[in-house]
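With the hints as a guide, bring both chains together as one complex.
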Amino acid sequence: MHTMTQDSGLRRTWMRRLAASIVAVLIGVPAAHAELKIEITSGVTDPIPIAVVPFAQYAGTGDPAEIIKHDLEGSGRFKAMPRAQMSVTPSRAADVALADWRASGNDYVVVGRVSSLAGGQLAVDFDLLNALTGQQLASQRFTGAPNAMRDAAHRVSDVIYEKILGVRGAFATRIAYVSVEGQPPAQRFQLIIADADGENARVVLESHRPVMSPSWSSDGEWLAYVSFENKKAAIYVQQVRSGERRLVSARAGINGAPAWSPDGKRLALTLGGSNGNPDIYILDLSTQELTRVTDDPSIDTEAVWSPDGHSLYFTSDRGGGPQIYRVGVGPGERPRRVTFGSTYNARPRLSPDGTQLAMVTLDGSNYRIAVQDLASGSVRVLSRGRLDESPSFAPNGAMLIYSGTENGRAILERVSVDGLTGQRLKSDQADVRDPVWAPFSHQ
Amino acid sequence: MRRALLMMLIATATMLAGCPGHRAKDLPPSSTSVPESGAGAQSAGANANAAGAAGTGSEESPGPQEGALARRVVYFDFDSSEIKGDGTETVAAHAKYLAANSGVHVRLEGHTDERGSREYNIGLGERRAQAVRHSLLLQGVADGQISTVSYGAERPAVQGSDEAAWSKNRRVEIVYLK
Chain A
0 MHTMTQDSGL RRTWMRRLAA SIVAVLIGVP AAHAELKIEI TSGVTDPIPI AVVPFAQYAG
60 TGDPAEIIKH DLEGSGRFKA MPRAQMSVTP SRAADVALAD WRASGNDYVV VGRVSSLAGG
120 QLAVDFDLLN ALTGQQLASQ RFTGAPNAMR DAAHRVSDVI YEKILGVRGA FATRIAYVSV
180 EGQPPAQRFQ LIIADADGEN ARVVLESHRP VMSPSWSSDG EWLAYVSFEN KKAAIYVQQV
240 RSGERRLVSA RAGINGAPAW SPDGKRLALT LGGSNGNPDI YILDLSTQEL TRVTDDPSID
300 TEAVWSPDGH SLYFTSDRGG GPQIYRVGVG PGERPRRVTF GSTYNARPRL SPDGTQLAMV
360 TLDGSNYRIA VQDLASGSVR VLSRGRLDES PSFAPNGAML IYSGTENGRA ILERVSVDGL
420 TGQRLKSDQA DVRDPVWAPF SHQ
Chain B
0 MRRALLMMLI ATATMLAGCP GHRAKDLPPS STSVPESGAG AQSAGANANA AGAAGTGSEE
60 SPGPQEGALA RRVVYFDFDS SEIKGDGTET VAAHAKYLAA NSGVHVRLEG HTDERGSREY
120 NIGLGERRAQ AVRHSLLLQG VADGQISTVS YGAERPAVQG SDEAAWSKNR RVEIVYLK
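One line per chain: the protein sequences are A and B, in this order. Going by numbering that gives the first Met the number 0, the final residue of the first sequence carries number 442, and the count climbs one at a time with no gaps. Going by numbering that gives the first Met the number 0, the final residue of the second sequence carries number 177, and the count climbs one at a time with no gaps.
Source of the hints: derived by calculation from the structure; they are not laboratory data. Do not take every clue at face value.
To be verified - Below, simulated EDC-like cross-link-like pairs (lysine to aspartate or glutamate); rule was C-alpha separation at most 20 Å, straight line: (1) K78(A) x E65(A); (2) K36(A) x E65(A); (3) K177(B) x D142(B); (4) K230(A) x E81(B); (5) K230(A) x E58(B); (6) K177(B) x E59(B); (7) K230(A) x E172(B); (8) K36(A) x D427(A); (9) K78(A) x D417(A).
Note that the coordinates shown come from a computational prediction; the quantities given were computed from them, not determined experimentally.
Just chain B, with the same shape it has in the complex (with noise of 0.2 Å):
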């Protein structure tokens, strides 16, 4: 009997192979794990994060628009986290909008170009977003507002090998959250 209902899974997964979003909604959340022996020692370092961990459903929101606040991204220069130019602009607007509404979260997502290493492209994707955070914490904005993720050059904005298309992936995205 649960043969034959895992034979129709895979037939059913099969087909729906080629349907997008089907996938994250059967992956199982990180605070679940399949019960083996240990299992209440592995799900031991996925819980404690538990209240952070992403659900799978939308959590995004369009959040503030006018002027500055409509620009969510800051742009860095090669092996750099500094923030400069538009960003200043773009950071201290988000800054001044979410200390004056302390109920609001956002998610900075940092991102490196292409180029070396992989994981230590993770490493600086989060010290661009580290770099944001601070700057926003210095001008009012609460820690429980602000969570980070490095994708590093894991998702790029802009396709392409030269200095056009590694310039737009340099970057650190301001998400807004339900």
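Looking at chain A on its own, in the form it has when it is part of the complex (with noise of 0.2 Å):
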């Protein structure tokens, strides 16, 4: 009798890790509807000629030189010489005459090869030479599963950019964001990770309800989101690599806005309680211990941490709109005011380097991306639409992707912080949205 109750009561554990598998059994999914196609916008007027030569292959990958280039010009501020123009296609830097290439108009040639190694990993190597000084700028393998070939890719792209432009490269990147489908009421939503090119879109939740605010832990293993699957907001953290959930807050009312720590072992985050009044906790995620940060009868939410963990940026209307203010962690710290200028400042997020202030903010009757310098107070505005939100900054501090709108059809939106460059993902299908840039990824 007593060790059927056991097997019973495992087979019911069993069974329940089964049921929340099945959500975590959508990991991997290609997200079919939600793919984006990546158009530039703008660029800089005087793009840096380079060829980037066919690589020798390996028979079956694809041709890492179309996805640096497409990296590169993508960027804006590159131009990138047409395969059609090369008569030869040399894949060593050695094998390269550099006066020709000089010649055609090239500031910088890269070559390279890829080549099996033992176990089944390819190689990638590449160099990369100065046409005008003849100097080597860099000479590098990188190396990897076949099917991890865009990476390899994009990695040489990252090195490419930095070795030029001394801004590390944010190529091999990945961004996460919501895509809905359909009409009010019937909409499907679903959390997206995908490449930050756009590629590679896999999905990692599905829903009939909504879904929002995505948030990135620093080592990018961890997701957290609002998710009102149970017809209320709760905020779930989601591993994901194995797809394990896991709920960290369903308490009355709104539970939203979650952050991560730098650290990663608390969340920031927004609660409503049954008086409906939103003010910003931190939760410890091992001791589950809730520590109040505001408390008063304004909006307060959307709370981020700055980069030392030391400080909370958060937007609030106890100014009588919203704007953003700052405030120590800690007892006894009070909020100061960080935002003036326009009526309307929310949703702040810092550059990861904690100079930079980007937020949406109201510009005449258009609600845009603006980056405010923290240290001189200086706002800029970055982005033209009329709907702009939700901005999110590259790990490299370079570039912002934020919520945009195209013919009453959600986008997301890339502009560099110099305001230069820009490009769009697009969906055929869905509205995409509420995009966020995963930090670098430490392999």
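So this is what it looks like as structure tokens:
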């Protein structure tokens, strides 16, 4: 009798895990309807001319040169020589007659080759040459599984970008975003992870009720998000690799705006309670201890951490309309207002170095993305839409991704912090919004 | 064995991917969490609310339909949570009914138009739901009869990016429950 009870108890536990894993099982499912196409919207007026020569290929994998060209041109700062104009296609630095490439108008030349290694891995070798000085700027190898060639090519792009422009590239990075299809009230919501260029889109959560506010942990392993799957807002955290999912907060009222602390041990979040007054709290994920940060009748929400983990920036309308405030994490700290100028400043996001603050601002009658330099207070409006929102910095701090609209459809847009380059990422079939750029992976 | 069963479930889930309503049943209710270390502490926040956590079945009822009671939506001006115009009559009608039927429950669902930041809009939607709630309380409805939820801009009634659509989305919906 005792044994049977134990067995059925274990089976129930196992079946609960299986029931939970039916959601988890959706990881790796390609996002058929919400695949993104990237297009350039603006670039610098004098892009750097570069020749990315087709790589000597290992049969079966794509040519990394195509991905590298796409990355570099997509950044708006490079102009790649068309393959049709190349009369020779060397694959090693030693075989490059630089004078010829210089004569064709190139400032830089990239050559490379793919080869197979023992154990089934592939190696991507490349050389980056300065056509004007003859200097070899980079000569490097990236290895990976055959199905990870896109990632290896993006890493090559990152090195080229950094060697030439002095800024770390963010091509080998990922984004998460929300896709919505159908008409209200019958809509399908998906939380999707994709490469930063929109490729390899994979669904990690699907629901018939809203999903919003994804937030990456700083090791890129977890996503926190808000889901209305139980007809009220609740906060979940999900491990991207395994699909393991945990309910973090389903308290009465609003549960919103989760944000991971830099050390990954806490979440800042918004709780409304049954009286419906949103305030900011910090939840310790291991002890479950909840610390209250704001306590006033205004709407206080959208808290994010400074990179040193010592302050939170958040939106509050305690002054009448929404503005961004900063408060130290710790007892007795009082919030100080950070934004001025516009009557509406909300949805703060810090650059990785903590010096720039991105926000949604009301610019005339348009909701746009602006960046404020925290030291000087100067603000630049970077986007040009009517209904822009949800800014997120790339991990190199040089670009922002945000939600925009085009012809009534929600799309993702990217803009460089200097305002000079931009791209759109859009889906044919779905509205895509709420993008968040993942941190650099630690591989 | 477990792996084979999981593979079968994957196949089934993929096949059912286009089937509406299927997902909601499969997602675990909020009071159950995956048993991991700290599971007791994890579910504490959820269990505190278990009584109010909605199940996945249909819990809504048509409710009273006579006269003004058939109106279930209160509309709001931009950036406002003030009940006015027709909304005042609508709320008054429901308040009278609820005060006279203390066993009946409603859920007030607050919404905004699409403009601006999504999480701030969750706060604004809640503010509207609370405005209706306070009005009901003042008119004799018991606190226990009312629950609120804010969808912010996440569940528009009308698609569109002009004032005609926006004015239909700034609303509180009064939903009668079983």
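To see whether the hints hold, each was checked on the structure:
With a CA separation close to 13 Å, the supplied pair K78(A) and E65(A) stays within the 20 Å bound. A threshold of 20 Å between alpha carbons decides the hint, and for K36(A) with E65(A) the separation of about 16 Å falls inside it, so the pair holds. This hinted pair checks out: K177(B) and D142(B) have alpha carbons roughly 17 Å apart, not beyond 20 Å. Proposed proximity of K230(A) and E81(B) is contradicted: the alpha carbons are some 25 Å apart, above 20 Å.
Distance check on the hinted pair: K230(A) and E58(B) sit about 11 Å apart at the alpha-carbon level, within 20 Å; holds. At most 20 Å may separate the alpha-carbon atoms for a hinted pair to count; K177(B) and E59(B) meet this at roughly 6 Å. This hinted pair checks out: K230(A) and E172(B) have alpha carbons roughly 14 Å apart, not beyond 20 Å. Taking the CA atoms of K36(A) and D427(A), the gap is near 8 Å; set against the 20 Å cutoff, the hint holds.
For the hint linking K78(A) to D417(A), the alpha-carbon distance of about 19 Å falls within 20 Å, and the restraint holds.
Of the numbered hints stated above, the single one contradicted by the structure is hint 4.
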